[in-house]
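Protein sequence lines correspond, in order, to chains A and B.
The working numbering puts the first residue of the first sequence at 6, with every later residue one more than the last.
The working numbering puts the first residue of the second sequence at 6, with every later residue one more than the last.
No wet-lab data here; the hints were simulated from the structure.
Possibly wrong hints are sitting among the right ones.
Computed spacing ranges between beta-carbons, pair by pair [claimed, not checked]: (1) A:A231 / B:S237: 53 to 59 Å; (2) B:K71 / A:K22: 44 to 50 Å; (3) A:N303 / B:N37: 18 to 24 Å; (4) B:D268 / A:D225: 52 to 58 Å; (5) A:N303 / B:K233: 55 to 61 Å; (6) B:K43 / A:V324: 27 to 33 Å.
Ideal Cβ placement from N, Cα and C applies to all residues, glycine included.
There are 2 protein chains.
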Amino acid sequence: MSKFNYLNIQEAYENIKHKLIKTPLITNDYINKILNSKVYFKLENLQVTGSFKLRGATNKINKLSKKQKLAGVVAYSSGNHAQAVGYASMQENISAKIIMPKNAPKIKIDNTRKYKAEVILYDPEKEIREEIGKKIARNENRTIIKPYDDHDIIAGQGTVAYEISKELENHSIIPDIYLCCCGGGGLIAGTSTYLKYRYPNIQSFAVEPFGFDDTKQSLDNKKIIANKPGKSSICDALFAQQPGELTFPINLENLKGGFVVSDKEVKNSIKVLAEHLKIIVEPGGAVAATAALTNKINLKNKTVIVMISGGNIDFDMFVNL
Amino acid sequence: MSKFNYLNIQEAYENIKHKLIKTPLITNDYINKILNSKVYFKLENLQVTGSFKLRGATNKINKLSKKQKLAGVVAYSSGNHAQAVGYASMQENISAKIIMPKNAPKIKIDNTRKYKAEVILYDPEKEIREEIGKKIARNENRTIIKPYDDHDIIAGQGTVAYEISKELENHSIIPDIYLCCCGGGGLIAGTSTYLKYRYPNIQSFAVEPFGFDDTKQSLDNKKIIANKPGKSSICDALFAQQPGELTFPINLENLKGGFVVSDKEVKNSIKVLAEHLKIIVEPGGAVAATAALTNKINLKNKTVIVMISGGNIDFDMFVNL
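Could you build all of it, start to finish, from the sequences and the hints given here?
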């Protein structure tokens, strides 16, 4: 594969657009007023399976050969990629095995099973999910659908930005700043690539939870740095240990830097998004909005894109925030 | 004005489309599966001001003369129309006075004030809002912006259906059934008019909360029947006393009938919509979805449009459902 670029994303969009919801891009008076800026929220929490992850999974699974489809797939994920692979596999009648941490949110485990995937729970403190995945792949000849470190996955996630730019184009709007959550970095790698192509002057930033700011650390040091073990956060969707081998070089080229937000700040911004945007956002899906709402960066008079990446939060957790 | 018809709605759409969010039309696997049908939810809770009411208010206010705009407007509303008139007036620098019940949801009163309208609270058990409105209109030469019984308002609300049909057209989908909440009947009158024009065989139904089923009673008896006093419901957006003089004849012509839902059923469906659609819906905005989710009508193998009309629920109420 030649160097990853916007053409991969355009191609992915053509491949998957009929299987996706074109999610809305919403702006809100109250939030624009308090930030003194124009903020556009891309609502991937309204995507099928409740997160953007369906885009990458669908793109990857579409590209499998007939033989690979027959043999089935295997994936490891804290939850959103799990649901996406389960759903995309179900659509194509492909057998899917998904390795999930036993402490993943119940909604994510339940939904993955609903999509007819076989869920294999593991103990994240004692086992390494990649190793379980590789073993199953080898023994059963299944294709591993990686959560982020795969150009087909990155291209699929990048299609979110294709939709954003089409929508902005309709209103003749040029964005100044892009804020996006970052776990393994697949979503931000894909979207920042497309946005940079469309808006060469845009400034893109990764947002991560405290304790899991491996991408910010890696960007600051211009090399891959892993998170220190033993940290916890409510942002379960963003628990990658370190930037990907494929995602990091892309992000290093595209991103201006990173911001870090606390669980407390995230909880508060989930409430603001519920009250004013009328949407349910999961913690990992709310970190970019949190960076905006807590003024991690001065957005005054700027036009800003904020990624809302997912909405799979247990209802009990939501009402007890 | 000649007989109200779909042309009024097309004209309204041209007048107001640049001031609105084109809200998404979402379908959800989980809900389609449990109902064995294909349900499309129109998310007007994501509309500016948190409900569809902005459409009618904007259409009406746009049509005022310069002199009328200078003299200002007055409106009475339990909350969503209040916010809509406040917001639409603020956009045009028009002075707005809004008469609201003192027990309206706090979020609705607060937001109306945020939109720079002067809020006048009244006691709904002792005072009649229409009389307060008329007095202010007379004394201050203000134009009354009625909540539903006005063809410009009905045409504005009808634009929701214009968007729905454009979206369905893109996917070559013909709907069989339309379920919509009903208070004074402005939204359902406008939208059912447009849907009937586009899909002559569609069956449209009003959904109301227990104790406030004046439209169902009136449809069943083919004459306007008021609600009996002394009832209560959590669906504050749907507290009209009786069908409108203008809305009822339209609804009598367009609608197949009505369904009634309980507060308990509504609370449950708000949770389902939060968990599966990732959206915050207010009680009045959730009654149509409730009729579907509680099988008030057999939807098997049908293509169904369900109106989600608003999302202005106090967060405290939401988390304590």
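**Item:** Hints not upheld, ascending by number
**Value:** Number 3 - this is the single hint that the structure violates.
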